[in-house]
Amino acid sequence: MITNQLAINDKVMFSTGNIMSINDITKKPSQNSTEELIDAIKYTLKEYTKNGSDKEQTADGYKLISRADDVQVKIQENEVGDLKIGIKVFLTKGGNQPLKEALETALQKQLNVKNVADVIVSLKRNSPDNLDEIKETWRAMEDYVGRHVVGELGIADIEESTFRNLYEWAAVKPSIIQINLATCCVVPPTLQAFCKEKDIKLFTHSDSSDILPDQSIEEIFGTPLDLEWAIRFTVHIKCRGVLTTKGYCLCISPKQD
Amino acid sequence: MGLLTEGTPLSWEETKKLAPHVREHGVNQFISIYKKLKERKGDVLKWGDEIEYIIVKFNDGKKEAKVSLRAEEILAVLNEKEQQNPDTVKFLWRPEFAAYMIEGTPGKPYGGTLAHFNIVETNMRMRRQEAMELLKEGESVMSLTSFPRLGCSDFTEPPTKPTPNEGGTKSLFFPDEAVFPGHPRFMNLVRNIRKRRGEHVAINLPIFRDVKTKIPVDESHLIRKAAKPDCVYLDAMGFGMGCCCLQLTFQACHIDEARILYDQLTPLCPIMLAFSAASPIHRGFLTDVDCRWNVISGSVDCRTEEERGLKPLKENKFVIKKSRYDSIDSYLSPQGEKYNDIPILYNDEDYKKLRDNGIDHLLAQHIAHLFIRDTVSLFSEKINQNDEEDTDHFENIQSTNWQTMRFKPPPPHSTIGWRVEFRPCEVQVTDFENAAIVCFVVLLTRVILSYQLNFLIPISQVDENMQNAQKRNACKEQRFWFRKDITTDISPPEANRCCAGTSCDPKACDMVGLMTVNEIINGNAGDFPGLIPLINSYLNGMDVDADTHCTIQQYLKFIQRRASGEIFTTASFIRKFVTEHPAYKHDSVVSELINYDLLKTLQDIEEGKKSCPELLGYSATSKTRESIPNALKNDY
Chain A
1 MITNQLAIND KVMFSTGNIM SINDITKKPS QNSTEELIDA IKYTLKEYTK NGSDKEQTAD
61 GYKLISRADD VQVKIQENEV GDLKIGIKVF LTKGGNQPLK EALETALQKQ LNVKNVADVI
121 VSLKRNSPDN LDEIKETWRA MEDYVGRHVV GELGIADIEE STFRNLYEWA AVKPSIIQIN
181 LATCCVVPPT LQAFCKEKDI KLFTHSDSSD ILPDQSIEEI FGTPLDLEWA IRFTVHIKCR
241 GVLTTKGYCL CISPKQD
Chain B
1 MGLLTEGTPL SWEETKKLAP HVREHGVNQF ISIYKKLKER KGDVLKWGDE IEYIIVKFND
61 GKKEAKVSLR AEEILAVLNE KEQQNPDTVK FLWRPEFAAY MIEGTPGKPY GGTLAHFNIV
121 ETNMRMRRQE AMELLKEGES VMSLTSFPRL GCSDFTEPPT KPTPNEGGTK SLFFPDEAVF
181 PGHPRFMNLV RNIRKRRGEH VAINLPIFRD VKTKIPVDES HLIRKAAKPD CVYLDAMGFG
241 MGCCCLQLTF QACHIDEARI LYDQLTPLCP IMLAFSAASP IHRGFLTDVD CRWNVISGSV
301 DCRTEEERGL KPLKENKFVI KKSRYDSIDS YLSPQGEKYN DIPILYNDED YKKLRDNGID
361 HLLAQHIAHL FIRDTVSLFS EKINQNDEED TDHFENIQST NWQTMRFKPP PPHSTIGWRV
421 EFRPCEVQVT DFENAAIVCF VVLLTRVILS YQLNFLIPIS QVDENMQNAQ KRNACKEQRF
481 WFRKDITTDI SPPEANRCCA GTSCDPKACD MVGLMTVNEI INGNAGDFPG LIPLINSYLN
541 GMDVDADTHC TIQQYLKFIQ RRASGEIFTT ASFIRKFVTE HPAYKHDSVV SELINYDLLK
601 TLQDIEEGKK SCPELLGYSA TSKTRESIPN ALKNDY
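Residue numbers (full-length UniProt numbering), protein chains in the order written: chain A, 1 to 257; chain B, 1 to 636.
One should not assume that every hint holds.
[What the hints assert, rightly or not] With a straight-line Cα cutoff of 20 Å, these simulated EDC-like cross-link-like pairs (lysine to aspartate or glutamate) come out:
| no. | chain 1 | residue 1 | chain 2 | residue 2 |
| --- | --- | --- | --- | --- |
| 1 | B | K633 | A | D118 |
| 2 | B | K41 | A | E142 |
| 3 | B | K63 | B | D604 |
| 4 | A | K84 | B | D527 |
| 5 | A | K27 | B | D256 |
| 6 | A | K27 | B | E337 |
| 7 | A | K93 | A | E142 |
| 8 | A | K28 | B | D256 |
| 9 | A | K196 | B | E349 |
| 10 | A | K198 | B | E519 |
| 11 | A | K238 | B | D485 |
| 12 | A | K28 | B | D635 |
| 13 | B | K484 | A | E142 |
| 14 | B | K35 | B | D256 |
| 15 | B | K623 | A | E197 |
| 16 | B | K633 | A | E152 |
| 17 | B | K633 | A | E197 |
| 18 | B | K41 | A | D210 |
Just so you know, the hints here were simulated from the structure itself, not pulled from any lab data.
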């Protein structure tokens, strides 16, 4: 409840900057992404309230809460061609708007780059998968590939049959499927075979598809709010296995009842 | 174990006369390499492991296990493939010191993407298999750090006898025939080290005192004045250089990154030595140490009595504290400079020459320090060199400074960059364990670079750790100096103030505490994050394919368990096997029968015929495979 003074009457965007330069987070390693994200938001809020500034009102009319950080410096330290920038988008609802908003925020406000290597989408888990909703999001993602803003597309935590359907249907085929780390030793052989046949990268993650649960939001902000979307960006140096930058952007809004 | 030059070795007298020549030109050669390659940048991560093996011959009828002196014969066949297809060969094989040893490395280095971690173990397995195919009945290729009955009577196949009064080794225990005969370098080193020292090398390992252990251990002390009655006495280079190690080399992206990795891995050397401990038995006795390190150190200790401080300096220039096989004496990165707290000896003219040629203080003192060692192996064909083109004199001294870490400049006219070698680990019995250690260390280098971690502690404390690391059961019982706050720039303000000044004594900063291997590797809630949690955190931010991640998780779980003491180190396992063997008489003696049963058991574990959860844990299998999937081949 750091944020009593932060009145959230409208949509608010957060950008944590490069959390690898936050030693308090490095010192608490191997927590899951939700814990990491919560710590990152708290840290960002702490810096924000300490520096107390109002200049975050953006041209688009919403508030952006961020902290002074080294993301762009880190990116500029290397040749663009030596870096691999990847994004994972966590969506809580369907529609194109949240995806677009998330990607624009990450690319323009946080990273300040023209393109990224890949975008992986994670939809807040519905059971069973809602293929129509996925297709709608996918269409919007394909558009970014068409405009050369994104190199490859991927999707996380999807049932195998849904993934095959998506693959058959999509104009830009998924190059990546992300599965939970807990299941990486027991991947169904049929999925393994499908990925091998289609040259699809079968990657792991340790994210909950509900990356920031309502309960955590309420704990952080002291009031119930909605998560509209979240993204995580990571920047690696190619062929050296060095991760230089990692951080989150997210958007919250007052509960729509 | 170093540069293999073809040619005719010089006698010790000739070699000794040329020592100043080698030093002068060796330093010049380094200067020339440095000038050409100091700006080299943009190299990707490439890395490789080196595993040494002992060829063991079992006689199941007599229940005996010997070392088989067939390395030369086997290597001749193993090397044929490389000669025919040098670019596509899967494994490279090299001779090692002993006539029963071979060394294998992957044919090509591994690359910088994480998917490479999934092919390491298969490469190790196939490598071993390739050598196994050339064996005779009853033989086995075993990755044993030390052969337990090395130097006992009849420990070789075919049988040999030591010759204390003639030949090269002149050992009471170690016959000349057990030195690799296929290259003159090895016997030449034996002879020259002994001659330079002026007497036999002498290693006294405290015996493990069981209820019926006899003191004096044997009659060595009656024959040799250097032998201590309550120790296992070893008197030959073969006892050390006849041990096997697990080594790793990484390519850095430029010289500065190489310095950082060299420095940051230095405090981890004793930790990984204790963790990998695998050699509690020497010359048929259980000793009170778990590691090979001091044995090798003593086995090539060419220092004269003057240099060892036993006589006033007359012929020699320095009293030198360490053997040429020992832990490093100085850090190389600017960050490390303030932790260089032990005297670093060098010839002023070498240091000055290096400095005059634009080499900074830290690197100049490191190189000059390497050159306090005289050459102990010189070939007539290589005396006169072009210092702008040749590097043999530099390599001569560099490759006979066998230290925990090695800083390696790029070979001239090659595509290879600045490299760092990590040398403390003892080799493990199974490929699973060796792959786990190798992947763990390489992952750690990536974590260090990604989070810009800082493990530096004063070098004197690293040295103290090196000695404690070798004690019996050190992995579980010893505590080691380790840096408490490893996140680089935020240390408490007092520490910053204290350590910023040149007058700082880093020990006083309270940055360093005592930790167990378990605390260092697994972390200690609230106090220290732990190396494995840091690796997991790093992996969460990387693209890792499912199979590779599964494999890495198996490796990390194994390392976690061994560090926590839940499963045995190889050394503890061997100790337990011996002391619980029905034929063991509680006298610290490892008999022919116990040796046979021990090695048979280790062989069965290695081949997977026998599961051994107390050594490996319950899930010592991985998803390792031969090659990287197509989808990941063009990945980052």
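Hint by hint, here is what the structure shows:
For the suggested pair K633/B and D118/A, the alpha carbons sit about 16 Å apart, so the restraint of at most 20 Å is met. The hinted pair formed by K41/B and E142/A fails the criterion: a straight-line CA distance of about 37 Å is larger than 20 Å. For the given pair, K63/B sits about 15 Å from D604/B by alpha-carbon distance, which is consistent with the 20 Å threshold. Proximity of K84/A to D527/B is assessed by CA-CA distance (about 34 Å); at most 20 Å being required, the pair is judged violated.
A C-alpha spacing of about 25 Å is found between K27/A and D256/B, which places the hinted pair above 20 Å, so the restraint is violated. With a CA separation close to 25 Å, the supplied pair K27/A and E337/B exceeds the 20 Å bound. With a CA separation close to 18 Å, the supplied pair K93/A and E142/A stays within the 20 Å bound. Only pairs whose Cα atoms come within 20 Å are accepted, and K28/A paired with D256/B is rejected, the gap being roughly 28 Å.
Of the pairs offered as hints, the one joining K196/A and E349/B is violated, with about 62 Å between alpha carbons and a cut-off of 20 Å exceeded. Taking the CA atoms of K198/A and E519/B, the gap is near 44 Å; set against the 20 Å cutoff, the hint is violated. About 29 Å separates the Cα atoms of K238/A and D485/B, which puts this hinted pair outside 20 Å; it is violated. A distance of roughly 30 Å separates the Cα atoms of K28/A and D635/B; the hinted pair therefore is violated under the 20 Å criterion.
Annotation: proposed proximity of K484/B to E142/A is violated, straight-line Cα distance about 48 Å (limit 20 Å). Of the supplied pair hints, the one linking K35/B and D256/B holds, its CA atoms being roughly 15 Å apart against a limit of 20 Å. Between K623/B and E197/A, the direct Cα distance comes to roughly 19 Å. Compliance with the 20 Å bound is thereby established for this hinted pair. Proximity of K633/B to E152/A is assessed by CA-CA distance (about 15 Å); at most 20 Å being required, the pair is judged to hold.
Among the hinted pairs, K633/B with E197/A is consistent with the structure: their alpha-carbon atoms are about 14 Å apart, no more than 20 Å. For the proposed pair K41/B and D210/A, the alpha carbon gap of about 43 Å is over 20 Å, so the pair is violated.
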